[in-house]
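Undergrad: Turn these sequences into a full structure, and let the hints guide you.
Protein chains in written order, with numbering that gives the first Met the number 0: chain A, 0 to 245; chain B, 0 to 552; chain C, 0 to 105.
Just so you know, these hints were derived from the structure itself, not from any lab. Just so it is clear, the structure is predicted and the values come from calculations on it, not from any experiment. Each hint should be verified, as a subset may be incorrect.
Unchecked claim - Below, a sample of chain C positions facing chain B; criterion: calculated Cβ distance under 10 Å:
hint	residue
1	F29
2	W83
3	L90
4	G99
Where a beta carbon is used, it is the ideal one built from N, C-alpha and C, also for glycine.
So the chains spell out like this:
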Amino acid sequence: MSHAVTKEVHHHPALQHHFEDMDQQREAGTLGMWVFLVTEIMFFGGMFLAYTLYRSTYPFAFASASNHLDITLGAVNTGVLILSSFTMAMSVYFTQIGKSRPQILCLVITLVLGLTFLGIKAVEYKSKYDDSLFPGRLIPNRPFGPTVAQHGDSDPHKLHLLGNATVKQVELFYWIYFAMTGMHALHMIIGAGLLTFLLYGSIKERYGPEYYSPVEVIGLYWHFVDIVWIFLFPLLYLLGRHFEHG
Amino acid sequence: MIDEAFELPRPSKVNYINAQYGLKSWLLTRDHKRIALLYLGSITFFFFIGGLYAMMIRLELLTPQGDLFHSTTYNKVFTQHGILMVFFFLIPSIPATLGNFLVPMMIGAKDLAFPRINLLSWYIYMLGGLITIYALLAGGVDTGWTFYAPFSTTFSNSYVVAAGLGIFVNGFSSILTGLNFIVTIHTMRAPGMTWFRLPLFIWAQYATSLVMILGTPVIAITVLLLAFERVAHVGIFDPALGGDPILFQHLFWFYSHPAVYIMVLPSMGVVSELIANFSRKNIFGYKFVAFSSLAIAVFGFLVWGHHMFVTSQSVYAGMIFSFLSFAVAIPSAVKVFNWTATLYKSSISYDTPMLYGLGFIGLFTIGGMTGLFLAALAVDVHLTDTYFVVAHFHYIMVGGALMGYLGGLHYWLPKISGRMYPEGWGRFSALVIFVGFNLTFLPQFVAGYMGMPRRYHAYPPEFQVFNVLSSAGASILGFGMLIPAIYFVWSMRYGKHAEANPWHLPGLEWRTQSPPPTENFETTPIVTWEAYEFAPPGETEVIGKFAGELETA
Amino acid sequence: MSEHIVPIRVYITIFLILLVGTTLTVLAAFQDFTYHVRGREIALNAVIALTIAVTKATFVVLYFMHVRYSSRLVWVVVTSALFWMAIMFALTLADYWTRGWLPVGY
Chain A
0 MSHAVTKEVH
10 HHPALQHHFE
20 DMDQQREAGT
30 LGMWVFLVTE
40 IMFFGGMFLA
50 YTLYRSTYPF
60 AFASASNHLD
70 ITLGAVNTGV
80 LILSSFTMAM
90 SVYFTQIGKS
100 RPQILCLVIT
110 LVLGLTFLGI
120 KAVEYKSKYD
130 DSLFPGRLIP
140 NRPFGPTVAQ
150 HGDSDPHKLH
160 LLGNATVKQV
170 ELFYWIYFAM
180 TGMHALHMII
190 GAGLLTFLLY
200 GSIKERYGPE
210 YYSPVEVIGL
220 YWHFVDIVWI
230 FLFPLLYLLG
240 RHFEHG
Chain B
0 MIDEAFELPR
10 PSKVNYINAQ
20 YGLKSWLLTR
30 DHKRIALLYL
40 GSITFFFFIG
50 GLYAMMIRLE
60 LLTPQGDLFH
70 STTYNKVFTQ
80 HGILMVFFFL
90 IPSIPATLGN
100 FLVPMMIGAK
110 DLAFPRINLL
120 SWYIYMLGGL
130 ITIYALLAGG
140 VDTGWTFYAP
150 FSTTFSNSYV
160 VAAGLGIFVN
170 GFSSILTGLN
180 FIVTIHTMRA
190 PGMTWFRLPL
200 FIWAQYATSL
210 VMILGTPVIA
220 ITVLLLAFER
230 VAHVGIFDPA
240 LGGDPILFQH
250 LFWFYSHPAV
260 YIMVLPSMGV
270 VSELIANFSR
280 KNIFGYKFVA
290 FSSLAIAVFG
300 FLVWGHHMFV
310 TSQSVYAGMI
320 FSFLSFAVAI
330 PSAVKVFNWT
340 ATLYKSSISY
350 DTPMLYGLGF
360 IGLFTIGGMT
370 GLFLAALAVD
380 VHLTDTYFVV
390 AHFHYIMVGG
400 ALMGYLGGLH
410 YWLPKISGRM
420 YPEGWGRFSA
430 LVIFVGFNLT
440 FLPQFVAGYM
450 GMPRRYHAYP
460 PEFQVFNVLS
470 SAGASILGFG
480 MLIPAIYFVW
490 SMRYGKHAEA
500 NPWHLPGLEW
510 RTQSPPPTEN
520 FETTPIVTWE
530 AYEFAPPGET
540 EVIGKFAGEL
550 ETA
Chain C
0 MSEHIVPIRV
10 YITIFLILLV
20 GTTLTVLAAF
30 QDFTYHVRGR
40 EIALNAVIAL
50 TIAVTKATFV
60 VLYFMHVRYS
70 SRLVWVVVTS
80 ALFWMAIMFA
90 LTLADYWTRG
100 WLPVGY
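TA: Structure follows, in structure tokens:
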């Protein structure tokens with residue numbers, strides 16, 4: 000009995016033995032990443048649900064807490080991520096048309112932008128730490144205890160309470176804030192790791208028009224992380240801005 | 000091919016077991032069949048420990064007084080029984096063992112879509128198991144496997160975070176398995192293997208994988224938030240600090256109800272195979288059974304509030320959940336009717352796998368119908384948190400899921416190992432298990448209906464007779480389950496050699512040698528037959544060198 | 000899986016749309032879109048913000064993530080995820096938002 004399939008096919012070095020051809024492999028890879036993103040949507044979804052419930056229960060507390068976040072940094076971060084999604088998409092494009100230098104350049108820019116996002120996040124977290132806004136006893140030496148601004152005091156480090164908000168309710172906002180942005184940041188860090196892996200492969204010239212699936216698939220992950228932020232930004236930062244003049 | 004003179008297969012022929020030797024070749028394997036065996040070993044280990052906890056429960060409950068354990072210790076015992084059985088046995092059992100082994104074979108593929116991720120999922124499972132075992136050994140967890148807040152977040156003095164972390168990690172194993180199955184079934188079917196030629200076992204695995212993908216992430220975030228709350232004391236679920244404990248229950252049950260479908264759907268897939276194959280008849284209403292698996296997967300996500308009828312959940316939401324809970328019984332009933340119709344006027348052979356399959360149908364029906372009692376709002380007020388609930392879910396999980404698992408193990412043992420189990424002992428132990436199981440759990444329905452609460456280590460003396468019967472049954476059940484454990488191991492060395500198709504069945508997995516070669520089929524099969532197309536012996540083509548070993552009697 | 004290569008100008012257009020959307024949502028946040036209709040207060044700020052966010056996300060999904068050019072299976076996968084999240088929200092909120100209704104004994 001002759002050995003297996005006798006098609007005279009030149010196998011791409013990246014073809015895995017259990018797939019018939021590169022097309023099937025790419026289809027499986029893309030579908031696999033989409034199914035994984037479904038799990039991510041459900042994962043973040045649980046936190047969005049908690050947010051929805053607590054926001055509708057304590058609207059003024061959430062507005063007060065939201066106003067205390069730095070809207071400039073938040074908006075800049077949003078711009079940074081959107082730009083990084085653009086450069087990521089461009090990197091896939093250049094891989095598909097076989098232009099390796101622009102592809103690598105776009106990957107580098109994406110990575111730098113991602114790290115910029117994380118840096119800005121770190122600055123924000125530091126300011127929260129300074130204002131004692133880490134919830135509960137998450138930081139054992141610095142329990143939640145912001146200074147509440149009195150009427151007329153416009154110190155930005157103090158918490159300005161709106162309506163019938165209480166400090167305890169504001170703390171609930173902050174656990175959601177840290178849980179969601181923290182989880183998001185964790186995903187960004189993982190994304191940065193994946194990009195580094197891609198960079199390494201790109202420098203080694205592993206990817207091209209016949210084999211761009213890893214770039215595409217990691218791109219999908221990166222875009223997803225961007226989308227989560229697209230929702231986080233208005234929900235966390237922009238809640239109560241219309242009260243600021245009120 | 001059939002004309003070739005054949006020799007009885009000798010163990011020295013190359014198959015996935017002897018292709019490579021050495022621990023490293025097993026621990027670093029990418030072969031889905033080897034990974035299935037890795038899972039089989041670890042799952043059996045956790046089942047055994049969970050069983051030990053069950054034994055402790057039944058021993059304590061022999062007498063009305065709480066004389067064996069202190070109440071907190073008893074809480075730990077039933078909690079750990081639940082955690083190990085649910086997360087480390089039932090959820091992975093069929094998908095990770097039989098599913099991993101058979102999904103590629105049944106669709107004609109060489110492996111799953113992502114073999115390395117498959118191996119990773121086993122390591123993640125082991126890591127989760129290790130963390131959980133650490134939690135147990137360090138002092139245990141006493142919150143119930145349901146981890147209700149605020150006891151779990153604020154008042155429990157046990158290793159909640161560690162146990163939760165173990166479950167969190169284990170969840171990824173589930174997710175990766177489900178992901179692998181979905182992609183494989185969509186993209187790697189052999190030529191000619193259309194969706195409606197797939198064995199129903201594949202439909203069931205596919206539906207299960209959907210549930211794994213959509214549900215498990217929610218338990219992941221729930222457990223993380225639980226840990227966050229316990230560490231930071233923020234008040235996420237603590238009413239004293241402004242949080243809502245019912246939110247925990249919503250998030251928890253959003254996964255944990257569909258989880259029970261993760262546990263039972265694969266078993267239903269096995270039963271479809273057993274019923275059709277051991278009655279030599281095409282399954283009645285193939286499409287109905289296939290779609291009912293999907294329907295169960297979808298509807299299963301809509302009913303979680305029936306675990307929360309007596310919380311402060313809105314009564315209107317309760318009505319919606321109650322109605323939907325009745326609705327979810329319908330696709331299950333469709334399966335039971337179709338299996339029964341398949342048996343009608345068929346050629347039944349009462350081999351061990353068929354006995355388990357028949358047992359499943361009866362016991363699952365009882366479990367399912369008692370679920371309807373619980374779905375009725377007013378009745379549930381009386382029955383919730385009693386032994387009625389305990390009996391209900393054990394009828395499904397043990398009488399249903401476990402029976403399907405055992406039936407499947409027996410059925411596919413020749414394919415997996417190239418050896419047959421001893422049929423006489425197989426039938427005997429199936430009967431012992433059936434009798435022991437019913438003696439254990441039937442009295443619990445009565446006890447629960449009469450008011451015996453669950454999770455209590457001491458109870459009023461009028462319930463003792465039921466508990467004694469139940470514990471007696473449990474010993475019989477335990478004994479019954481030891482027998483297959485012994486003869487499975489025994490048959491590895493002394494069992495009759497099995498040929499490619501010892502049951503003479505048309506499924507694609509039977510058309511390659513037993514045990515299969517690493518790449519499953521020597522050539523990519525081209526599928527031209529429908530599912531469960533029973534042909535006379537001698538006409539079924541076997542692919543590969545050992546084509547001739549099919550008996551033509 | 001299609002080999003469709005999305006042209007650069009599409010990417011640039013989408014990128015600009017996203018930037019515009021971000022600017023819009025920040026500006027809209029500072030306006031008070033609360034209307035009084037028949038004695039009740041309808042607060043639209045959240046609705047506007049979410050609409051813009053959903054639009055932005057849709058563009059990212061369709062063009063950056065290539066769903067516009069992908070197979071129907073991918074499309075089904077994406078919609079299913081959103082549908083499932085909707086189930087989680089809908090049935091949970093069905094509990095919370097109906098609790099204050101007519102008292103029924105407990």
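Undergrad: For a quick check of understanding: which of the numbered hints are violated here, in increasing order?
TA: 1
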